[in-house]
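As a plain string of letters, each chain reads:
2 protein chains.
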Amino acid sequence: MTSIQAPEVLISEVGPRDGLQSVKATMPTADKLRWIDALASAGLREIEVASFVPAQLLPQMADAAQVVQHALRHTDVRIMALVPNLRGAQAALQAGAQKLTLPVSVSPAHSLANVRKTPEDMVEEVQAVLRLRDDIAPGVFVEVGMSTAFGCTLQGQVPEDDVLRLAQLLAQAGVDEIGLSDTTGMANPAQVRRLFQRMFQEIGPLTGAAHLHNTRGLGLANALAAYEAGVRTFDSSLGGLGGCPYAPGASGNVVTEDLVFMFEAMGVSTGIDLNLLMAARAPLKAGLPGEPLYGMTPEAGLPKGWRT
Amino acid sequence: MTSIQAPEVLISEVGPRDGLQSVKATMPTADKLRWIDALASAGLREIEVASFVPAQLLPQMADAAQVVQHALRHTDVRIMALVPNLRGAQAALQAGAQKLTLPVSVSPAHSLANVRKTPEDMVEEVQAVLRLRDDIAPGVFVEVGMSTAFGCTLQGQVPEDDVLRLAQLLAQAGVDEIGLSDTTGMANPAQVRRLFQRMFQEIGPLTGAAHLHNTRGLGLANALAAYEAGVRTFDSSLGGLGGCPYAPGASGNVVTEDLVFMFEAMGVSTGIDLNLLMAARAPLKAGLPGEPLYGMTPEAGLPKGWRT
Numbered sequence: 001m002t003s004i005q006a007p008e009v010l011i012s013e014v015g016p017r018d019g020l021q022s023v024k025a026t027m028p029t030a031d032k033l034r035w036i037d038a039l040a041s042a043g044l045r046e047i048e049v050a051s052f053v054p055a056q057l058l059p060q061m062a063d064a065a066q067v068v069q070h071a072l073r074h075t076d077v078r079i080m081a082l083v084p085n086l087r088g089a090q091a092a093l094q095a096g097a098q099k100l101t102l103p104v105s106v107s108p109a110h111s112l113a114n115v116r117k118t119p120e121d122m123v124e125e126v127q128a129v130l131r132l133r134d135d136i137a138p139g140v141f142v143e144v145g146m147s148t149a150f151g152c153t154l155q156g157q158v159p160e161d162d163v164l165r166l167a168q169l170l171a172q173a174g175v176d177e178i179g180l181s182d183t184t185g186m187a188n189p190a191q192v193r194r195l196f197q198r199m200f201q202e203i204g205p206l207t208g209a210a211h212l213h214n215t216r217g218l219g220l221a222n223a224l225a226a227y228e229a230g231v232r233t234f235d236s237s238l239g240g241l242g243g244c245p246y247a248p249g250a251s252g253n254v255v256t257e258d259l260v261f262m263f264e265a266m267g268v269s270t271g272i273d274l275n276l277l278m279a280a281r282a283p284l285k286a287g288l289p290g291e292p293l294y295g296m297t298p299e300a301g302l303p304k305g306w307r308t
Numbered sequence: 001m002t003s004i005q006a007p008e009v010l011i012s013e014v015g016p017r018d019g020l021q022s023v024k025a026t027m028p029t030a031d032k033l034r035w036i037d038a039l040a041s042a043g044l045r046e047i048e049v050a051s052f053v054p055a056q057l058l059p060q061m062a063d064a065a066q067v068v069q070h071a072l073r074h075t076d077v078r079i080m081a082l083v084p085n086l087r088g089a090q091a092a093l094q095a096g097a098q099k100l101t102l103p104v105s106v107s108p109a110h111s112l113a114n115v116r117k118t119p120e121d122m123v124e125e126v127q128a129v130l131r132l133r134d135d136i137a138p139g140v141f142v143e144v145g146m147s148t149a150f151g152c153t154l155q156g157q158v159p160e161d162d163v164l165r166l167a168q169l170l171a172q173a174g175v176d177e178i179g180l181s182d183t184t185g186m187a188n189p190a191q192v193r194r195l196f197q198r199m200f201q202e203i204g205p206l207t208g209a210a211h212l213h214n215t216r217g218l219g220l221a222n223a224l225a226a227y228e229a230g231v232r233t234f235d236s237s238l239g240g241l242g243g244c245p246y247a248p249g250a251s252g253n254v255v256t257e258d259l260v261f262m263f264e265a266m267g268v269s270t271g272i273d274l275n276l277l278m279a280a281r282a283p284l285k286a287g288l289p290g291e292p293l294y295g296m297t298p299e300a301g302l303p304k305g306w307r308t
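Going line by line, the protein sequences match chains A and B. For the first sequence, this note's numbering gives the first residue as 1, with consecutive numbering after it. For the second sequence, this note's numbering gives the first residue as 1, with consecutive numbering after it.
Keep in mind that the hints were calculated from the coordinates and are not lab data. Since we're looking at a predicted model, the values are computed, not measured. Wrong hints could be hidden among the right ones.
You can't tell identical chains apart in this list, so a pair holds if it fits in one copy or across any two.
Listed next, the in silico DSS-like pairs over lysine-lysine satisfying Cα-Cα at most 30 Å (straight line) [to be verified]:
1. LYS117 - LYS285
2. LYS99 - LYS304
3. LYS304 - LYS117
4. LYS304 - LYS24
Work out the full structure: start from the sequences and follow the hints.
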């Protein structure tokens with residue numbers, strides 16, 4: 001906020017979608033809106049605010065359209081929604097979402113288990129979404145996050161060539177941005193650097209976000225490796241909410257507060273005010289009482305002499 | 001353990017000293033010995049087992065000599081002790097310690113507050129220790145860990161030139177190894193890389209361990225940066241015990257389990273068996289009931305398909 005030049009990295013906050021989708025409780029809509037407002041005030045410029053899935057499957061997301069419509073008042077924030085398929089994309093575009101993100105799993109086992117489709121079937125689904133976008137909302141950005149890019153709890157190792165092959169198919173389909181997700185918290189810094197370097201070689205500037213988890217504590221080290229490989233968009237979640245529904249007690253998403261602290265401490269600007277970011281934990285806590293939050297920087301506080 | 005070649009990095013376990021010194025409870029001697037035995041069994045090859053300070057100041061370390069003498073049975077482990085001054089060094093050498101580590105703070109404010117001596121006075125103390133070592137135990141290694149190298153809670157920023165100047169003085173004094181400590185959890189990866197690179201330029205192979213804290217979640221990212229700068233010795237503590245006596249609730253030392261997981265996942269050998277390492281938490285918990293332990297890898301478990 002205090003920086004005159006554009007931020008050097010884009011922090012894409014996924015808490016209101018990925019986080020809220022992963023917890024059992026449903027946050028009341030009014031609390032969601034207050035939380036999103038606080039995130040926007042802190043300087044976040046991209047927020048994944050909802051998932052467009054049937055309400056009977058995910059009651060936490062029943063108010064997705066209302067949440068998108070409210071969030072659009074933040075004209076300097078790109079309002080993003082997750083859509084699992086064409087039907088979800090239709091609803092998200094009607095609600096006014098400015099960026100869609102579709103998960104496409106590299107692991108066939110994971111893909112079949114989650115959406116009963118192979119990765120190749122999902123590329124066709126993405127093409128249908130792109131056609132719809134071209135027809136009714138040509139300004140909207142379509143991103144694919146490639147799940148299980150660094151390993152899969154069902155399949156085990158995921159060959160890097162499989163990741164690159166799927167990325168090529170998605171690039172040919174016309175996707176605007178293709179990111180890599182460490183869905184299962186199996187990535188390590190050497191692998192993250194190598195795989196993103198290969199992504200830049202093969203699909204150049206279509207290479208998108210690093211979506212990293214902190215399941216085994218390597219979240220920030222992996223983010224550092226991705227940054228060094230050239231990545232400039234990072235998904236994370238306030239308080240580390242969500243990202244790991246299958247491992248109770250283990251943290252999932254990289255914690256936004258710690259990620260922003262790392263970059264700002266390194267002198268890499270994020271455009272985010274750390275004090276306001278930490279203040280955005282209050283509406284999150286209010287809307288999800290008793291839910292455990294992560295984050296070392298909020299616990300320790302900012303160092304003595306930290307610039308404001 | 002399974003690797004035939006020598007490990008590529010040395011993990012120096014500081015829990016029995018740094019960890020136990022930071023908690024209020026005193027671990028019974030028998031539990032300490034069981035814990036150290038478990039650490040040795042897991043493949044650790046350097047363990048800081050005690051601090052030689054007056055028992056009235058640190059009752060947790062009253063059994064230091066007994067602990068060193070027991071630990072020496074692990075002939076493939078280098079048994080290390082912290083000594084604050086010449087008197088401590090005398091006691092540690094008499095007990096048979098194979099490596100001494102002396103903390104010398106770069107920040108005059110921190111140094112005066114802790115030991116009522118300036119950094120320059122401490123260099124003289126180190127010289128006295130080196131003379132003693134030469135006289136009575138010439139095979140013993142003497143390391144200095146430079147505290148507050150990345151920032152100080154009293155002084156704020158610590159100029160990098162001050163760090164390098166003190167390193168030069170210590171090198172001229174004849175210290176065997178000079179490491180950098182992020183005593184206050186203020187380091188960031190850019191700073192860690194830059195400062196260790198300058199250390200290698202100025203004092204070459206005398207550059208020693210990275211002693212990093214996880215106070216704001218950056219511990220492993222900082223370790224990665226240090227590794228990339230050429231550091232091959234890393235201090236850490238099982239369960240993240242200790243390292244942060246002044247910030248209750250905030251973790252201190254880098255967690256050995258997560259650090260070893262990171263390096264092994266990257267294909268950088270540590271010589272440590274991760275399953276045995278996690279099993280070494282049991283004697284730690286038994287000896288310090290109720291003490292909170294950290295570590296994401298122990299919570300999440302090793303990934304599917306992890307080599308044994």
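Against the structure, the hints come out as follows:
Taking the shortest Cα distances, LYS117 and LYS285 never come within 30 Å of each other, neither inside one copy (37 Å) nor across copies (46 Å). For the homomeric pair LYS99 and LYS304, neither the shortest alpha-carbon distance inside one copy (39 Å) nor that between copies (34 Å) is at most 30 Å. For the homomeric pair LYS304 and LYS117, the shortest alpha-carbon distance between copies (23 Å) is at most 30 Å, but the shortest distance inside one copy (52 Å) is not. Taking the shortest Cα distances, LYS304 and LYS24 sit within 30 Å of each other only across copies (26 Å), while inside one copy they are farther apart (38 Å).
This entry does not satisfy hints 1 and 2, going by the numbered hints stated previously.
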